[in-house]
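> So the protein sequences, as listed, match chains R and A.
Residues 0 to 820 in numbering that gives the first Met the number 0 are what the first sequence lists, from first letter to last.
Residues 0 to 135 in numbering that gives the first Met the number 0 are what the second sequence lists, from first letter to last.
These aren't lab readings, by the way, just hints derived from the structure by calculation.
Note that the structure is predicted; figures quoted are calculated from it, not measured.
Treat each hint with caution, since some may be false.
[As the list claims (entries may be wrong)] One-sided excerpt, in silico: chain R residues whose CB lies under 10 Å from chain A:
hint, residue
1, 681
2, 768
3, 788
Backbone N, C-alpha and C fix where the C-beta goes; we use that ideal spot for every residue, glycine too.
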Amino acid sequence: MVTAAPYLILAAVGAPALSGLATMLLGGSQRLPRLTLAAAGPVASVALLAIHLGRHGVSPADTPTGTIPWVPSLQLDISFLVDGLGAFFALLIAGMGVVVVLYARAYFGPDDASLARFFPTLGFFTSAMLGVVLADHLLLTVLFWELTAISSFLLIGWDRDDADAGKRAMQAFFTTGLGGLALLGGILLFGSHTGIWRWSRLIAEATTISHDGTVVAAFVLMFVGAATKSAQWPLHDWLPGAMKAPTPVSAYLHSATMVKAGVFLLGRMLPAFGALALWLPLLVSIGAVTMLLGAVLALGQSDLKRIFAYTTVSHLGLLVAMYGMGGASTAEGLMAIDWDLTQIASHALYKAPLFLVVGALAHLVGARRLPELFGLWHRPGTDTKVVAVVLLLSGYALAGGPGTVSFVAKELFFAATTHAAGLHPLLAVVGVMAMAAAACNVAIFVRLATTVLGSSAGVRDGSAVPEPDAHGVDRWAFMLWAPAAALIALQYLGGLVPSLWNRTFRGIEVNVNDGAFADGLPWAWEPFLHPGMPLLMSMVAIGVGAVLGFSGWMRRDLVDVHTRIWPASYRGILQGGHRLFHSVQTGHVRHYLAVVFGVLTLCIGWAAWADPAMLRPPAGMAPLEYPAGLLLGAVVCATAIALPMVTERVVRVLVLGASGFAVVGLYLVYQAPDLALTQLMFEIISVILFLLVLRLLPRPDRRPRIRVLPRLALASVVGITIGWMTLIAGHAADSRADDTPTLGAFFEAHSLQGSELTDGRGGEGRNVVNVILVDFRGFDTLGEITVLATAALGVWSMLPGRRRHREEEDVRVPTGQGTQR
Amino acid sequence: MILRTAVRFILPLTFLYAAYAALKGHNGPGGGFIAGLIASVGLCTYRMSYGDRAFHRLLPIHPRWLVFVGLGLAAGVAALPLLFGQPLLRSASTTLHLGGADVHLVSATAFDLGVLLVVVGVAVGMISRLGEELDR
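Chain A on its own, in the form it takes in the complex (with noise of 0.2 Å):
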């Protein structure tokens, strides 16, 4: 009871702070890989806590489709700079005015979001396919 509740909290603490080392990744301990396993140990926890039910509440959908557009986002943004004559996987970067605040944007984060859907795709697949072979 105290774990589901306290899942109940964590786990959206852990999406944020997932997001944050994937987007901070560049500059500060982080990246995507990271991220990706942190974001798993969120939903695995949550899955063990609540159950499959409510964890495919959680997830509608299979996370083969998380690796599919994971590795289809990476590949494209490796690809991408082929279309402007570049050699593959050269990434560009921007720097956004917003108000007062600058928001340095690189491509390379594209590519890192890329890596964490797989590595979400991969670990929670892979641990919600075993445990329904426990479950059963």
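So that you can see chain R by itself, here it is in the shape it has in the complex (with noise of 0.2 Å):
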């Protein structure tokens, strides 16, 4: 069936990125039609998006939106799923694309050159992201997953002269990039142990799921992906090194997309992993500890892209461990998980702003550490009245103070946790820590606040105030606030009239489960009015946070150690790697063969240990048949024997030759003439080429005859077991039991003609060989013949040519035989 819905959306995903390819086709400065293009992208998405919704509704989580073939032979294709979870995030994205773009313009300021590079890596960033939360095949859902990788490496690794904006970039790379191998070896282990290729399917049959050792360990390996792209202890450590990134991009990457990517992947696990046993303690213990970490942390920090950051950490952990909490709800058939989707965009309607903010701060007082920013308030210009209220506004609902959206998503949560609680006494410990995370935020508040305003409660040093960002600041500049204030706002508009943000959420908000949240989220004073556990966790939160902020308790930088364990994780694995090369990569011929021939004798041992019947000697051997035969082989034993015994080269080289010409004369008493035929000319060729070799090789070095017996001991053991295997393979074939043709036979009979077998197709051929070369396993010899193409043009490269040997005539001294190199 072809609609036009998958084309709508693939438009919808495609948009941002085209439109920030479009903008490089620009030159020069036209400033304004590069903003309007790049601007285009995300609107034409959310408007793409607000169409599909229009005409077609959310669709369920377990019905696929639309399908466009794309490799259908691996049942790869781009289908996509705007479910609830999926319509909101893509909003959410998009939406904030376009605030981004925006301000990406004031921060920027004139600058040409950034804004030129910066258009198209977001566009890029945001089709990414637009792809990993809209697609239904999990294939699919990965490669926007490693996309998004890309474009933030791209993208936190900005400023090119900073060279450890390189470093964190590289690290940020490094660790979301392992995750996301873990996720695709996990989606991998699960599609091909169930078949279940696509999100709607997964969620569709979740019941009938077995949960074996397999759907487990696929599903642990999703989670580690999930939780590298989420920041999630204890590899949270790149999401606060990805500070050095430019401002509008840590503000798109915290608030909206990238971080945010690993907590959508457990909102769309949840439906169909929730009940496994693992989900709730696994989730829950990791989201719980990297909350609590990430807001301590954020306490002891002055910088405030730091202290953001580590708020940001915190509200993941949280986001994590609610939705680990919601598995309690598959398994129990309760509550304990509401508003998943509100808890998110409560966070990005006031880290965006926070974070846009900070960006408008290092413009216009150049400062970004609490202490620089003492008395803000007072300091004279408009620009920076209004961004301080912006930054109190925001930093108000940060605190989850009442009135705003994030106060009803914290009593949400705090709800969930008393509730979790009743399930299973541990889990108040869940409760415990989030009260102590939100005290934290409390107090981050307190101390901001009291800075801002200059009291005497402030944060203040000696430190001097310095100059404005070198960024120029034009008549664009109120974009530099604009858009936070717009974000703001939402956040006390759906804080204060309920009503607006349950009419937008109400639709999409899948998990409503609690009666008293169905009709949608309360009025701000509600948990006033009607007291419970939860407001009293708020009130408590709240207390110990403003004792907190006011006290100086933790006023000083506080240090993560996990700062440590990238570096040296980092260099431990180059070290490592670097001594793993040299003692695999000897350089030694004979210790890759030894390694060659080891494996193989080990392999087949491995068999004949588990095939004892691979030892016995085959039925009707008969030995001497042929005297000729058994003469040739004992020249053949004899050549290798004496072989290791001959030390000049040349001598060596004959040697090997009689040993090769003995085989020869074997196949031609066994009667394959084609064999012996080649085997013959190879023979005179290779003797040829070793003697040219060795002729140019320089004169070998006597070394220490040592070690001489492991190598005898392990050559005789190869050799036995490859002359063994040989004999029982050649017989093998005759000896089967059942009916079915060996391969032999199989050959043997079609070379001329063909059977059913083949379609009634022969090689019309006589010889048996030669038809297997050419024709039933031409493909090999294509192969063969390419490989020895590319190692003659190997030879050719690196022995330097006949002319340009000329060259270099006359700084060669030459000596006695032949040049020595």
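Combine both chains into one complex, guided by the hints.
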């Protein structure tokens, strides 16, 4: 069935990247067209999604929205799923994309070079994120997932002159990239085990999926992918490190997109894997630890960007823990997760303004550290005042103060933890940790407010206020705070007038289980009118937080011990790799050969151990049938034994040749003229080649004859094993009990004429060997001659040609025989 | 001297035999690989007895062209069935009636000739390249 829907969504996904690319066509200082074009992409995405939603509404999570065939033979197609979760994230990403584009214009100012570079990268990133949240096919998700890793790498390492930014980008790329590999592994494992390759089918058949070891392993791998992307402990360190990125990027990465991809993935996985016994303990423990750790570390920072980065880590932990507790709802048939999308949106709607404001501050007053911002409110300048107001309003939302959406969201989370504690007493710990984290957030707001207002409790030290940022500020300066103000307004709009919020979100919220919330989010004062456990927890958090904030405790920079993990492990990997490389790649052919033959012998030995019948001599073996063969075999053995005893290399080659010619004789005795001819010609050529090469090599240095015994032992074992296996293999072809034709018999029968087995095709030749080579296994032969040709090209290019030699002739000192190198 | 004179006679015979082996290969002992080796041995012997210059006169092109042409021929034969909607490497055969004799033609023979050229090119190329190194 061909419908327009998937193409519409594909267009929505691709629009930002396309418009970003299109901005590259603009040259010079066409700022306004560039901005318009860059904004057009995400705007188009929003519009197309709105059209889709208006036409089809939100799909149920178990119904794919549309499919475009892509690689039918792999059952891989471009399929989309616009359910509540996907649509919410897509609108969030595209909407934030518009905001960030506008803000970037003000942030970079009239700096054309930066804008020209920024918009294409941002568009690429936006498209990748849209793909992640809208893809239905599991592999398509992975594809876009990796694209986000690449594009965020480009964005974090934006400042080309800053070596540290490059390192941080590398760290983010490595961490999330490894997570991506784990995700790919998990998805491949799951897909190949169950045959389910789509989220929609996965969710539809959630109850029938068995919880066997493979599924659990796949789930753990996928969780690792989600956890690295969402900066969960102990791999969270890349996220504060990613603060090296320019502020528009930070705002984007943190608020809506990349770091939420992991949370999104967990939301996708919840209906399918939530019933796994491992789901709840794994997610809740990791999430809760991350939540508390991030909050405590945030409290110990003084750089605003770092503070907000760590609160993001904390909130991501909260979201993961929230989805973790959601597992209880499927297992117990009870509510433990409600309004998860509101939880996510509330974070985006205060974290994005916070980052945008930090960037604005860097422009207006050139300060990002708390002590430098002391008394910001009293400084001159209208823009500064407005920015200070937005900063305080956003900080209030960060603290989860009443009147904001995040207050309600926090209440929701507290309600979930109380409920979860009722299911299992141990989960009460999570509630306490959540309270502590919330208290840290409150303390941060208190500290921020007192500092900005210049109160005596504020943070200040003797440091001088630095000069404003080098980026130019022009008439677009209002765009530094306008987007932030618009976003933070939504927080208060939703918090004070919940009916508006509900009208928007009720339709896409899937996880609404509790009757009290079924009608929508409550009015902000509702908890105060009907106090309960969540409100009590909130109050405790606010009280503790206020004390923490006003007291001087933890006001110095707290070092995150995890920052050491990355450089240490990076160095360890490099050194380990170096050592491994040099112990494996010794540069001695005899080592490589020993390894190759040793492994071969081990494999065959293992097979023989598994099937002892292989060790029995085949029945009907007549070793004395051809006396000539026996004689030639003896010659082969004799030459092989003589070979190591000869020291002169030329003689060695000749002895080797003798061995080869004896083999030729063997082929003739056993009536294989083809092989004999080939072997004969090959022997001649190889002897010629050997002699040529040997004369070119430098004199061998007499190396001490050590470790002869082990080598002798290895050689004997390899020789006996391979020889025996050759015997058995030759015989096994004749003595098969069942009627299935052996390969030899098959080719013998079909080399001239075909049968039903080969669709009536034969090789039309009587020489079985040749028919096999050029017909039945023609592809092999084609590959082999390609390898030959490549090898020859290698020889010709590695040994410099005649012409070049003549040029170098003058500098080379001729010695006795040939040229010494 | 004896070698030189002998090679003068042997070389054409080698080629003849190589050609015979290549064409005959489908039904009797032989085939492109063997034929290639035979021709290479002949050429190498010639080169060793007459030297680089004479060899260059005999084979005025760089052996890499043999490799390229051979590989192209083999790949072309392999890909040709695709044009007729057949799978890769599907061989075709016809029987020509020339007077009294029936000549059986198989497309695989052309593939075999490609193999032959590659083998000759590689072997001769490597040996003459290394020989050059020695001559200096």
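> Tell me the hint numbers this structure goes against, listed in increasing order.
No hint contradicted; all consistent.
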